[in-house]
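The residues making up each chain are set out below.
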Amino acid sequence: MSTKPQTVVEKLETGIPGFDSISNGGLPKGRTTLVAGTAGSAKTVFAIQFLAKGITDADEGGVFVTFEETPEDIRRNMLSFGWDIQSWENDGKWAFVDVSPHPDDMAAVIGEFDLGALLARIENAVGKVNAKRVSMDSLGAIFGKFQDQAIVRNELLRIAMALKKMEVTAVMTAERIVEYGEIGRHGIEEFVADNVIVFRNVLEHEKRRRTMEILKFRGTDHQKGEFPFSIMPRQGIMAQPLSAARLDQKSSKVRITSGSLELDKMCGGGFFRDSIVLISGATGAGKTLMATEFVAGTPAEDRCLLFAYEESHDQLIRNAEGWGFDFIKMEDEGRLKIVCEYPEVVGLEEHLIRTKEAIEEFKPNRIAIDSLSALERGSTAKSFREFVLGLTSYIKRQEIVGLFTSVTPSLMGGPSITEAHISTITDSIILLRYVELFGEISRGIAVLKMRGSAHDKEIRQFSIDATGMHIGKPFRNITGILTGNPVYVTPGETDRVGEMFTEEQ
Amino acid sequence: MPKYTLKLYVTGRTTRSETAIENLKSIFEEEFHDQYELTVIDVLERPQLAEDERILATPTLIKELPGPVRRIIGDLSDRDKVLIGLDLRPKGE
Chain A
1 MSTKPQTVVE KLETGIPGFD SISNGGLPKG RTTLVAGTAG SAKTVFAIQF LAKGITDADE
61 GGVFVTFEET PEDIRRNMLS FGWDIQSWEN DGKWAFVDVS PHPDDMAAVI GEFDLGALLA
121 RIENAVGKVN AKRVSMDSLG AIFGKFQDQA IVRNELLRIA MALKKMEVTA VMTAERIVEY
181 GEIGRHGIEE FVADNVIVFR NVLEHEKRRR TMEILKFRGT DHQKGEFPFS IMPRQGIMAQ
241 PLSAARLDQK SSKVRITSGS LELDKMCGGG FFRDSIVLIS GATGAGKTLM ATEFVAGTPA
301 EDRCLLFAYE ESHDQLIRNA EGWGFDFIKM EDEGRLKIVC EYPEVVGLEE HLIRTKEAIE
361 EFKPNRIAID SLSALERGST AKSFREFVLG LTSYIKRQEI VGLFTSVTPS LMGGPSITEA
421 HISTITDSII LLRYVELFGE ISRGIAVLKM RGSAHDKEIR QFSIDATGMH IGKPFRNITG
481 ILTGNPVYVT PGETDRVGEM FTEEQ
Chain B
1001 MPKYTLKLYV TGRTTRSETA IENLKSIFEE EFHDQYELTV IDVLERPQLA EDERILATPT
1061 LIKELPGPVR RIIGDLSDRD KVLIGLDLRP KGE
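Line by line, the protein sequences are chains A and B. Residues in the first sequence are numbered from 1 upward in steps of one, following the working numbering. Residues in the second sequence are numbered from 1001 upward in steps of one, following the working numbering.
Mixed in with the good hints, there may be bad ones.
[Stated by the list, open to error] Subject to a maximum C-alpha distance of 25 Å in a straight line, what follows is the list of computed DSS-like cross-link-like pairs (lysine-lysine): (1) A:Lys11 <-> A:Lys265; (2) A:Lys29 <-> A:Lys11; (3) A:Lys145 <-> B:Lys1081; (4) A:Lys253 <-> A:Lys29; (5) A:Lys29 <-> A:Lys165; (6) B:Lys1007 <-> A:Lys145.
Since the hints were made in silico from the structure, they are not lab data.
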């Protein structure tokens, strides 16, 4: 028994990844939704995926009314998504209503007409495959066929009403000229205005960024704003709702090793098993080494996934070897997988999906990303934040510990842009800094933040040699390391300040 | 053997359907008396035929013979345009 009042508009789960979350449950059931977008905004893929998912996930028949592409083209094009429309047609699950342009269709218009034949064909097809879902793609083409736009508008309204009567859930697509502005040409939104979704394909920093936005669902709720999505081979549209990234992760008190006993000690006993650790430092400060130790510290029964965006597979292995770690052996044992990619190859939206897929496939216990800053290059602040948020919430839910490195722009410290976006998302932040004293460069390490745990507040010296990194004694009598401006303070002064506090205790 | 084979697709027996049938009959009775064969097809009864013939609007008139095949959409209210549209010349020209 449903406790909801009867007036609530029911939703039909589309099965399109992410979309059902953005739409709070799917498309309004038994209604027509307008999907508007510019050329190449993936309207057709959405319209087809809606039907395909109905067949594969819910065993619901589907009718595709095509005004533009021929059924032959659609059958062929959709194979790359793994949708075998021909076999669905043979099984009586899918029917085309083919209204695509054809030379034989050339007709003069003399006097009044209606689109009764189109409606009869749609009704016929719906009956034939017992369809619960209907897609019409795209309305602009039918307006191009007739001069009298008022008749076409009226007839489409009649079709939308007939679809409602048939109790099918329908998607109509329509072209837009601009990404931001009026919804569609031909005043289409006026007659199927109950539900409108806008697809966008915006050029940002020389990369295409696809988003979907539900403008309105009459009588029911949905998530507001633009949500990024990607089109993936073998899968189709995959949206990434941030709502899926709710802060409901379980928090683990289980500690795991960072790969360095000394660092574990600084962190109060190691990293938490489901935490995100950010390593921040200038170039050459030891971030990659720390990531390497983290990888090498994977316990024998665990697996580690390393995403490397700055060095090649062979380089990484050689570096690790130089510090005495055998990555090849780990790979052979199936305990390590290294993914090397140029982050510029794909947009961050797609990158997030690929990363999740790699995690799902390998099922690691720990993940290292070297470096996040490389991912940030050439992306906008918004998509970068969405990427980090999406990734961190995903890996935390899997109870995976993540170690990300981030490069600070100046050698002696100072904030990095990466950190400004993500420092609040991470559970722990470890700083690596160069410290210049008396004409010598030494390295410093500090645990800046360790959520849910006590940690070492001191800035310690650390050194790198052929066996890796070694954390040593705290810097004494120096202030200003974090700001990149170390100043030597005479011992007398430090003792005096120290005594002031001991007296109070 | 009729000289002209015509098919008229309509949606139900509406006023518009009747108008189209009347207009068509009056043109052909006068111009090509006894030389034509007209089949009226109701798409509500024969939707699959409409699908196979790619009919979108109603009324749609198809002149199948003699070739070339010609299509006209509408209630055929303009006699001259219908004849031109079907590639036919009125009698006496």
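- Please name the hints from earlier in the document that this structure breaks, with their numbers sorted from lowest to highest. Hint check: 1, 4 fail, others pass.
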